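Start from the sequences, fold in the hints, and give me the full structure.
For the protein sequence lines, the chains are A and B, in the order given.
First residue of the first sequence: 1, per our numbering; consecutive thereafter.
First residue of the second sequence: 427, per our numbering; consecutive thereafter.
Incorrect hints may have been included.
Quick list of in silico lysine-lysine cross-link-like pairs, BS3-like style, CA-CA up to 25 Å [stated by the list, open to error]:
| hint | chain 1 | residue 1 | chain 2 | residue 2 |
| --- | --- | --- | --- | --- |
| 1 | B | K851 | B | K815 |
| 2 | A | K12 | B | K815 |
| 3 | B | K550 | A | K39 |
| 4 | B | K670 | B | K774 |
| 5 | B | K823 | B | K859 |
| 6 | B | K634 | A | K39 |
| 7 | B | K429 | A | K39 |
| 8 | A | K12 | B | K434 |
| 9 | B | K760 | B | K823 |
| 10 | A | K35 | B | K550 |
| 11 | B | K634 | A | K35 |
| 12 | B | K429 | B | K604 |
| 13 | B | K787 | B | K815 |
| 14 | A | K349 | B | K550 |
| 15 | A | K279 | A | K121 |
| 16 | A | K12 | B | K760 |
| 17 | B | K634 | B | K869 |
| 18 | A | K94 | B | K812 |
| 19 | B | K604 | B | K634 |
| 20 | A | K94 | B | K760 |
| 21 | A | K39 | B | K484 |
| 22 | A | K387 | B | K550 |
Computed footprint of chain B on chain A, listed as stretches where at least three residues anywhere in the stretch have a Cβ under 8 Å from a Cβ of chain B [as the list claims (entries may be wrong)]:
| hint | segment |
| --- | --- |
| 23 | 17 to 28 |
| 24 | 50 to 59 |
| 25 | 78 to 87 |
| 26 | 249 to 255 |
| 27 | 386 to 400 |
Just so you know, the hints here were simulated from the structure itself, not pulled from any lab data.
Nothing here was measured: the structure is a model prediction, and the numbers come from that model.
We put the CB at the ideal spot given by N, CA and C, even for glycine.
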Amino acid sequence: MADIHKLAQMFKELDDQLVGCMRCGMCQAVCPIFKLSGKETDVTRGKLALLDGLASEMLTDPEGVNEKLNRCLLCGTCQANCPSGVSVMDIFLKARAIMTGYFGLSPAKKAIFRGLLKNPKLFNALTEMGAKFQGVFTKKVDDMLGSSCARFNAPVIGDRHFNTLASKPFRKIVPELDTPAGSSGLRVAFYVGCVFDKIYPQVAEAILKVLKHHGVGVFMPAGQACCGIPALSSGDTDTFDSLVGINVDQFRKGEFDYLVTGCASCTSTIKELWPHMYKGDTSRTYDIGVMARKTMDISQFLVDILKVEPKELTGGQSVTYHDPCHLKNSMGITAQPRAIIKAAGCDLKEMTDAGTCCGCGGSFNIAHYELSKEIGGRKADNIIASKAKVAATSCPACMLQITDMLSQKGADMSVKHVIELYADSL
Amino acid sequence: MTKEAIIKEFENIAGAENVMTGETDRHAYSYDAAVLDSVMPALVVRPQTSEALGAITKLCNDNGLPLTVRGAGTNLSGGTIPHPGGVVVLTNGLNRILEINEEDMYAVVEPGVVTAQFAAEVAKRGLFYPPDPGSQAVSTLGGNVAENAGGLRGLKYGVTKDYVMGMDFWDVNGELVKSGSRTVKCVTGYNLAGLMVASEGTLGVFDKIILKLVPPAQAAKSMMAVFPSMKAASETVASIIANKIVPATLEMMDNFTIRTVENFRGAGLPVDAAALLLIEVDGHPAQVEDEAAVVERICKENGATELKVAKDAAERDAVWQARRDALPALANLKPTCVLEDATVPRSKIPAMIEALEEIAKKLDLTIGTFGHAGDGNLHPTILTDKRDKAEWERVEKGIDMIFDKALSMGGTLSGEHGIGLAKSKYMAQETSKATLAYARRMKSVLDPKGILNPDKIIGAE
Ligand SMILES: Cc1cc2nc3c(=O)[nH]c(=O)nc-3n(C[C@H](O)[C@H](O)[C@H](O)COP(=O)(O)OP(=O)(O)OC[C@H]3O[C@@H](n4cnc5c(N)ncnc54)[C@H](O)[C@@H]3O)c2cc1C
Ligand code: SF4
Ligand code: SF4
Ligand code: SF4
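Below you can see the structure in the form of C-alpha cells.
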C-alpha cells in the first residue's frame with residue numbers, strides 16, 4: 001500500500017477541478033442521499049471538501065473518505081444543478097479510481113469484474129447455469145411484476161424482490177444481425193447491454209421489432225461485453241478499458257449511421273465516459289470517438305431522427321414515466337420517451353418528482369441497500385399515487401429497482417420499458 | 427470531565443447516532459459558503475428535539491465548549507466556521523412546521539425548516555411568506571433570522587426581520603427565553619426576538635420562531651429595460667421611487683454581468699447594454715396596470731433604449747432566469763468567486779458603480795456587479811483564483827477599498843450577508859468604538875464564558 005503522502009499527490013491532480021466548487025451548498029437541495037440523512041458528508045459539497053482535505057494533507061483517514069465517497073448514487077443530479085458548473089461525476093469517478101489504486105479492489109469485486117465481466121463467455125455461461133437452477137433458490141412473489149425473492153436466507157439478496165434471470169438470454173434468441181437499410185434508408189448498430197441480455201430479453205426484442213417496423217437496418221455483432229460502468233464506478237479502470245476494447249473491436253467491423261441502446265446507463269457511458277475515461281490502446285481512440293458521437297437512446301432516435309410523433313389520446317392504458325438519471329441529468333433527454341409513450345397510444349400520467357433518482361445506483365444498491373430502499377420506496381409511493389397501471393422507464397437498472405420497490409409494497413401494476421409499450425402498439 | 431465523558435453526555439442527550447466525532451464528519455463542518463480558511467470542530471451533534479437543543483447548549487456552557495449553530499451553512503461571512511475545538515450543533519433535525527394559522531396569518535416553525543419548503547407550504551394555503559434569499563432552496567429559517575436575510579423582494583416586502591413576530595430561544599444556561607407573540611401587536615418587555623435577528627448565533631440558540639404571513643398579490647407584471655449608461659439606469663431607479671411606486675423587485679446588472687450571463691445561457695440579452703434593470707410590480711390587477719405604465723414611461727424618459735414587458739408566465743420567468751443566472755454565470759468564469767455585499771443609499775449607486783470600476787482597474791481585478799438596485803444593495807463579485815497568492819493579496823486590498831468607499835457614502839458593510847468572521851474587522855469603522863464596546867459588554871453578560879459562536883460579528887477581544 002502506498003503511503004498517504006503519495007495518495008495526497010494523486011489527489012492533487014484533481015485540484016484544478018476541485019477549486020471550481022464555491023461551497024455554496026446548493027447541491028443540498030437536490031441530492032437524494034442528503035435528503036435522507038441530512039449529513040454534509042453525504043452531499044457533493046462535503047465529498048468535494050473531503051477530497052480537497054486529502055489533497056492538502058489535512059486529513060489522515062483515507063479509508064473514512066473512501067467510505068463517504070462511496071455513499072453516492074453517481075446519479076449526476078448535483079452536477080446538473082450546480083451553479084458553478086463543477087464536473088462532479090468526472091471528479092468522483094477519478095477519485096474512485098485513485099482510491100481503488102490505493103486500497104486495491106475488494107476480492108469480491110475482483111472476482112466479478114476481472115474474472116467475469118472481462119470474460120463475457122464465462123459470464124454468459126455462468127448466468128445461463130444460474131438461470132437453470134435459480135428456481136431451487138427463489139420463489140415467485142408477484143406474477144404481474146415477475147418478481148421473486150430468496151427462498152433461503154441469502155446474504156447478497158437479502159429481502160429483495162428481484163427479476164430472475166431469463167430462461168433464454170437474448171443472445172440465444174438473436175445471436176447476431178446484419179440487415180441492410182430498409183425504407184428509412186438508415187442502418188443502426190444495436191448495443192444490447194447485459195441486463196437486457198440476461199434479464200429482459202423481451203425489451204431487446206421489442207427494440208428489434210420497432211427498428212424493423214420503421215425500415216431501419218441493424219448491425220448487431222456477437223460477442224458484446226458489458227459497457228464497463230460497474231467497473232468504472234468501482235474505480236477499476238483496467239477492467240473498464242478492456243471492456244471498452246472488446247466492444248469497440250466488435251462494433252468497428254460494421255457500418256452504421258447511429259448506435260442505439262435501450263439502456264440509459266449504457267448510452268451515457270458510451271457517449272460520455274468511453275471517450276473521456278478510456279486509457280487503453282490508442283489505436284481505438286478514433287473509433288471510440290465516432291461511436292460516442294453516433295450513440296443515441298432508442299426513444300431519442302425514434303423521435304429526433306425518425307420523427308415518430310405522439311398520437312391523439314385514444315383512451316389507452318395509463319402509464320407513468322420515471323426519468324432515469326443517466327438520461328435526464330447527463331443528456332437532458334426527458335421529452336422523447338414521453339413522446340414515445342404517447343405515440344404508443346397510452347395515457348401519460350405524470351407522477352410527482354418523476355425526475356428524481358430511483359435509488360438504484362448500480363453497486364450502491366448492493367453496498368447500501370437500506371438507503372437505496374428508502375429512496376426507492378419514495379419513488380414507488382409516487383408511482384402508486386399517480387394511479388397509473390404501468391410504470392415505464394428507459395433503463396433496465398431502474399426497472400429492476402422499481403420492480404423490487406413496487407413488489408415489496410404489493411402494488412398492483414407492471415413495470416415496462418417505454419419501447420415495449422411502443423412495440424406492442426405496432 | 428474527560429473528553430470521553432463529555433462525548434458520552436452528548437450521546438445521552440441526542441442519541442449516539444446523532445453525535446459525530448470522526449475526522450471526516452468533523453471536516454465536513456469546518457467551512458461554509460464564505461471564502462475563508464476552514465476550522466475543524468471537535469464534535470458535531472444533531473439534536474432531534476428542542477429539549478435536546480437546550481440541554482446541549484447547557485452542556486457546552488458547563489464545560490466551556492465553544493458552540494456554533496449551523497443551519498444549511500450557506501452564509502457568506504464565515505458565520506458557521508467553528509471555533510477550534512468547538513462544537514457544531516446542526517439544526518436540520520429540527521425541521522418541523524408546527525403551525526400555519528390561516529385565520530391569524532402567522533406560522534410557528536422549528537429553526538431547521540428550509541426556507542423554500544416553508545414558502546411552498548404557506549403558498550398551498552393561499553398565503554405568502556416574502557423573504558426569498560437566493561439560497562432559499564437550502565437555507566434554513568433559523569439561519570435566515572440569524573443573518574436577517576433578504577431577497578429580491580426586499581424593496582417592497584422587507585427582509586426577514588419584518589416577519590419575525592416572536593421567538594423562543596435557549597440562553598447559555600439552557601433556559602428557555604420567550605419573546606414576542608402570535609398577535610400583530612405586542613410590547614411585552616424588551617424586544618428580545620428583535621435582538622436575536624442578525625445576531626449570528628452569538629446571543630442565543632433559536633428554538634421555535636413565529637413568523638408573519640401576508641396575503642399574496644393578485645397580479646404581477648415584469649419587465650426588462652435596457653440602458654446606455656449605469657447613470658441612466660440608476661436615475662431611473664430614483665425616479666421610480668420618487669413617483670411613489672414601490673416595485674416588488676428592482677434589480678440591476680452591469681455590462682460585464684450581462685455579457686457573462688449571455689455567454690452562459692444565450693437567452694438573447696443585449697450584450698452592448700451598459701446596464702439592465704429588471705422590474706416587477708405587483709398588487710391589485712388595476713394597480714399593476716397603472717404602475718407598469720408609469721414605470722414604462724419613466725424608463726423611456728430616462729433614456730431606456732429598449733423595454734420588454736413580459737406577456738405571460740413564460741416570458742416573466744425568462745426575465746427572472748436572467749437574474750438568477752447572474753451568480754452561476756460569474757462563478758463559472760474563475761475558480762474563486764468572492765461575492766460582496768456593499769450597500770449604499772440608492773442615490774449613490776452610480777457613484778458606487780464608478781468606484782468599483784476604478785478599483786477593478788487600479789488593482790487589475792475582474793469585478794462583475796449586479797444587485798438589488800431598489801434597495802441600494804450591490805453584489806460586486808470578484809472573480810479570481812485563491813491559489814494565485816499575488817492576485818489574492820490584491821483581492822483582499824480590493825475588498826478593503828470597496829468597504830471604505832461604501833462607508834464614505836453613508837453605506838453599510840452588509841446589506842444581507844452578515845458580518846461573521848469576514849467583516850468583523852470593519853465593525854468599528856462603520857459604527858463606533860462605543861458601539862462595539864456596548865455590544866461586547868452586552869455579550870459578556872449574556873454569555874460570560876464566551877461560548878456562543880466566538881469571534882463572530884464583534885471579533886476576538
Ligand atoms: C448562492 C447563495 C445565494 C445567497 N443569496 C442570499 C440572498 O439573496 N440574501 C441573503 O440575505 N443571503 C443570501 N445568501 C447567504 C445565506 O444563504 C443566508 O445568510 C442564509 O440566511 C443562511 O442560512 P443558513 O441556514 O445556511 O444558515 P447558516 O449559514 O448555517 O448560519 C448562518 C448564521 O446563523 C446562525 N444560526 C443558524 N441557525 C441558528 C439558530 N437556530 N440559532 C442561532 N443561530 C443560528 C449560525 O450560527 C450562523 O452564524 C446566499 C448564499 C448563497 C450561497
Ligand atoms: S452546488 Fe456545486 S459549487 Fe455549490 S457546493 Fe455543490 S458542488 Fe460546490
Ligand atoms: S451524484 Fe447523486 S447521490 Fe451522488 S452526490 Fe450527486 S446528487 Fe448526491
Ligand atoms: S450500463 Fe448496466 S445494463 Fe448497460 S451494459 Fe453496463 S452494466 Fe450492463
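Verification of the hints:
Only pairs whose Cα atoms come within 25 Å are accepted, and K851/B paired with K815/B is accepted, the gap being roughly 21 Å. A hinted pair counts as satisfied when its Cα atoms are at most 25 Å apart, and K12/A with K815/B qualifies at roughly 18 Å. A distance of roughly 29 Å separates the Cα atoms of K550/B and K39/A; the hinted pair therefore is violated under the 25 Å criterion. For a cut-off of 25 Å, the pair hint linking K670/B to K774/B stands: about 19 Å separates their Cα positions.
Our distance criterion of 25 Å between C-alpha atoms is met by K823/B and K859/B, whose separation comes to about 23 Å. A hinted pair counts as satisfied when its Cα atoms are at most 25 Å apart, and K634/B with K39/A qualifies at roughly 22 Å. Between K429/B and K39/A the alpha-carbon distance is near 23 Å, which keeps this suggested pair within the 25 Å criterion. For the hint pairing K12/A with K434/B, the CA-to-CA distance comes to about 38 Å; that exceeds 25 Å, so the pair is violated.
Between K760/B and K823/B, the direct Cα distance comes to roughly 19 Å. Compliance with the 25 Å bound is thereby established for this hinted pair. Between K35/A and K550/B the alpha-carbon distance is near 22 Å, which keeps this suggested pair within the 25 Å criterion. Between K634/B and K35/A the alpha-carbon distance is near 22 Å, which keeps this suggested pair within the 25 Å criterion. The hinted pair formed by K429/B and K604/B fails the criterion: a straight-line CA distance of about 33 Å is larger than 25 Å.
Between K787/B and K815/B the CA atoms are separated by roughly 19 Å; this keeps the pair inside 25 Å, and the hint holds. With a C-alpha separation of about 22 Å, the suggested pair K349/A and K550/B falls inside the 25 Å cut-off, and the hint holds. Between K279/A and K121/A, the direct Cα distance comes to roughly 24 Å. Compliance with the 25 Å bound is thereby established for this hinted pair. A hinted pair counts as satisfied when its Cα atoms are at most 25 Å apart, and K12/A with K760/B qualifies at roughly 18 Å.
The suggested pairing of K634/B with K869/B holds, with an alpha-carbon distance near 22 Å, which does not exceed 25 Å. The suggested pairing of K94/A with K812/B holds, with an alpha-carbon distance near 23 Å, which does not exceed 25 Å. For the given pair, K604/B sits about 9 Å from K634/B by alpha-carbon distance, which is consistent with the 25 Å threshold. Between K94/A and K760/B, the direct Cα distance comes to roughly 22 Å. Compliance with the 25 Å bound is thereby established for this hinted pair.
This hinted pair checks out: K39/A and K484/B have alpha carbons roughly 24 Å apart, not beyond 25 Å. With a C-alpha separation of about 22 Å, the suggested pair K387/A and K550/B falls inside the 25 Å cut-off, and the hint holds. For the segment 17 to 28 of chain A, the proposed coverage by chain B is satisfied: 8 residues have a C-beta within less than 8 Å of a C-beta in that chain, meeting the threshold of three. Note: the segment 50 to 59 of chain A has 4 residues with beta-carbon separation from chain B under 8 Å; the three-residue rule is met and the coverage holds.
Counting residues of the segment 78 to 87 of chain A whose beta carbon lies closer than 8 Å to any beta carbon of chain B gives 3, which reaches the threshold of three, so the coverage claim holds. Evaluation of the coverage hint for the segment 249 to 255 of chain A: breached, as 0 residues show C-beta separations to chain B shorter than 8 Å, against a requirement of three. Coverage of the segment 386 to 400 of chain A by chain B is violated [criterion: at least 3 residues with CB-CB distance below 8 Å; count 0].
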